[in-house]
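2 protein chains.
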Amino acid sequence: MTAEPSLNGLIVREQEPLNLEMPFSTLGGFTTPNESFYVRCHFPIPEIAVSDWRLKIEGKVEAPFELNYEELLRMESRTVAATLECAGNNRDFLEPKVKGVQWGLGAVGNASWTGVPLSVVLERAGVKSGAIEVILEGADEGEIANPPRPAGKIRFARSLPLAKAMGDVLLAHTMNGEPLPPSHGFPLRAIVPGWYAVASVKWMRSIIVTNRPFAGYYQSIDYTYWERTADDLPTLKPLAEQQIKAEIAQPEKGETISVGATYRVHGAAWSGDAEITKVEVSTDAGASWSLANLGADSVKNSWRLWEYDWRTPTTLGPQTLMARATDSVGRTQPFERDADRGTYMINHILPILVEVR
Amino acid sequence: MTAEPSLNGLIVREQEPLNLEMPFSTLGGFTTPNESFYVRCHFPIPEIAVSDWRLKIEGKVEAPFELNYEELLRMESRTVAATLECAGNNRDFLEPKVKGVQWGLGAVGNASWTGVPLSVVLERAGVKSGAIEVILEGADEGEIANPPRPAGKIRFARSLPLAKAMGDVLLAHTMNGEPLPPSHGFPLRAIVPGWYAVASVKWMRSIIVTNRPFAGYYQSIDYTYWERTADDLPTLKPLAEQQIKAEIAQPEKGETISVGATYRVHGAAWSGDAEITKVEVSTDAGASWSLANLGADSVKNSWRLWEYDWRTPTTLGPQTLMARATDSVGRTQPFERDADRGTYMINHILPILVEVR
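These protein sequence lines are chains A and B, in that order. In terms of this note's numbering, the first sequence has 17 at position 17, counting the first letter as 1, and numbering is strictly consecutive. In terms of this note's numbering, the second sequence has 277 at position 277, counting the first letter as 1, and numbering is strictly consecutive.
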């Protein structure tokens, strides 16, 4: 139904660097297959030979060390499910148009990830007192086009507060039971559960413990939003926790719906590390709302599937559908966009316009 | 000699907002007269009636309070000389051209400032433990054009580390013995000695003590540079201390010099809070250097004048002059531009091309 160029069933949002979106109408089950999982790259995909590859653990640690791929695979592993969402997902819904990859609904996916807890690696190195952050650095590199930018090539890097790094972060070598595909960070990527996927650095190269706040390009310029503090002064923050959101997989935008029938509206909803407790659906542009049925799988840091049987109108014409999620700590989605979020964290209620015929 | 539009003898770099440069060839003495002092605005100059105006001291303090203009004038004052330099001074020398006001040599001036130490005001309010920064907020406001930007109008604001705020920072109401002119921040501006002038917030409105790092637009996006830290990763820093620099006032770029004569090359040099101990002049594009004579006035945080009697060549043709400063802690100017400084902190050796006829 989409007119966009596609590659193996994914929508090509950008060729170089490669940015591929899952057509969200193809949402199947709780787990997104590897070949359907959206791909977000900032630079060319690094070609990494496992025989040469090393993961360095350095900075403010007692004993810096390196791990090779075999050593990592031999370490005790954990498997967790986690929904990754690009912080710019749904950007295509913004009016007026903003810069950045024009993601529709499908820069999100849920997979099961297997790897070594970051805390295990950090504990082995021995974090020095005074350390406050852990920088995750990828092997992907390139030049930034627009100022303010560092000179020359930089590598993709993000930092985490030490508490999060010592928490549930995984160094994943396996995605849904298979070695990470190259486009998803082979041989090793971070998985930062509950956070926007920008934090889940791919093609991991180095873990750098630091006693100073890291203000890298993707931490301080790109992937940031404005928070209002004292005296209404906006202050810049790096994106972190996923915001609550429900998305409609079917029907999709522009779909033709049969008059006077039953249509299974369905989709997914997520909210960082909180549980989705309610999804409501409106078929009249927000005037009234009905409860959707929630899927049985309610897994921390993963999306929750939902569905709603819609008795479609007996009259012809356009209809606007909406979905709205509520979570276990009482958060729900706003109707209006918060402009301080710039081109990211888009979680206001999204209208899906269909035609009843 | 300049072709630029001028206003009361200053070069108009921008009309709205008003940005005026002193033709640096007009450098006279140690003190720059108010009417010759460069003007840097980010937004329209606020029209402030002193009867309505208040300075607020708020945030993480024991006893927030306000001061009016009369109260400020009655407080014990201090007078200090300080050189203010725009962090983008000399931007016109950069190749390739970069965005921003195209300052030549004259976005710098030295004045005597009278006012109340910021520390006195902070001590009266009582800074709470845990405070780390002091935000200085101006009354000037407007919208930022390009992302990443906060939504709507913002006011100009910068923060200082608490130690600097409790040090030599002045809340100045008087410039060279006269009330601050409107374009220089009437009724009150900060003077942050030794720092780029962006820190010396004009049209002061509020002093906000905070226990969180302030990442305002002019702190985190604009007026920043990249510093290389662990693993060569660039990390963003707000501009702070002035870098060492010597500038040639005369001759100016493109000037015609008499053959086989004596020409008084002169200028000024400064280096944050360090003393200028040496200025060298080259009249052969850096191949050889001669010592300049330093002016008698060596005042902390102020520029130092210098001069050099040049025996001009006996042959006709182009000549490239340069000046290079050295300070009391051994710093000197580099030949090459550091690209990580973006469009700011331009202190490499600047060539002045003249013609001997």
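Read the hints as simulated data drawn from the structure, not as lab findings. Nothing here was measured: the structure is a model prediction, and the numbers come from that model. Any given hint could be a false lead.
Just so you know, same-sequence chains aren't split out, so a pair can sit in one copy or run between any two.
Stated by the list, open to error - Derived pair list, reagent style DSS-like, types lysine-lysine, alpha-carbon separation capped at 25 Å:
id, residue 1, residue 2
1, LYS237, LYS164
2, LYS164, LYS56
3, LYS97, LYS153
4, LYS99, LYS164
5, LYS300, LYS128
6, LYS56, LYS253
7, LYS128, LYS97
8, LYS153, LYS99
9, LYS153, LYS278
10, LYS128, LYS164
11, LYS128, LYS278
12, LYS97, LYS56
Hint check results:
no. : hint               : verdict
1   : LYS237 with LYS164 : both (16 Å within a copy, 24 Å between copies)
2   : LYS164 with LYS56  : within (19 Å within a copy, 37 Å between copies)
3   : LYS97 with LYS153  : between (29 Å within a copy, 20 Å between copies)
4   : LYS99 with LYS164  : neither (30 Å within a copy, 38 Å between copies)
5   : LYS300 with LYS128 : neither (31 Å within a copy, 39 Å between copies)
6   : LYS56 with LYS253  : neither (46 Å within a copy, 52 Å between copies)
7   : LYS128 with LYS97  : neither (46 Å within a copy, 44 Å between copies)
8   : LYS153 with LYS99  : both (22 Å within a copy, 21 Å between copies)
9   : LYS153 with LYS278 : neither (46 Å within a copy, 37 Å between copies)
10  : LYS128 with LYS164 : within (16 Å within a copy, 28 Å between copies)
11  : LYS128 with LYS278 : neither (43 Å within a copy, 43 Å between copies)
12  : LYS97 with LYS56   : neither (41 Å within a copy, 39 Å between copies)
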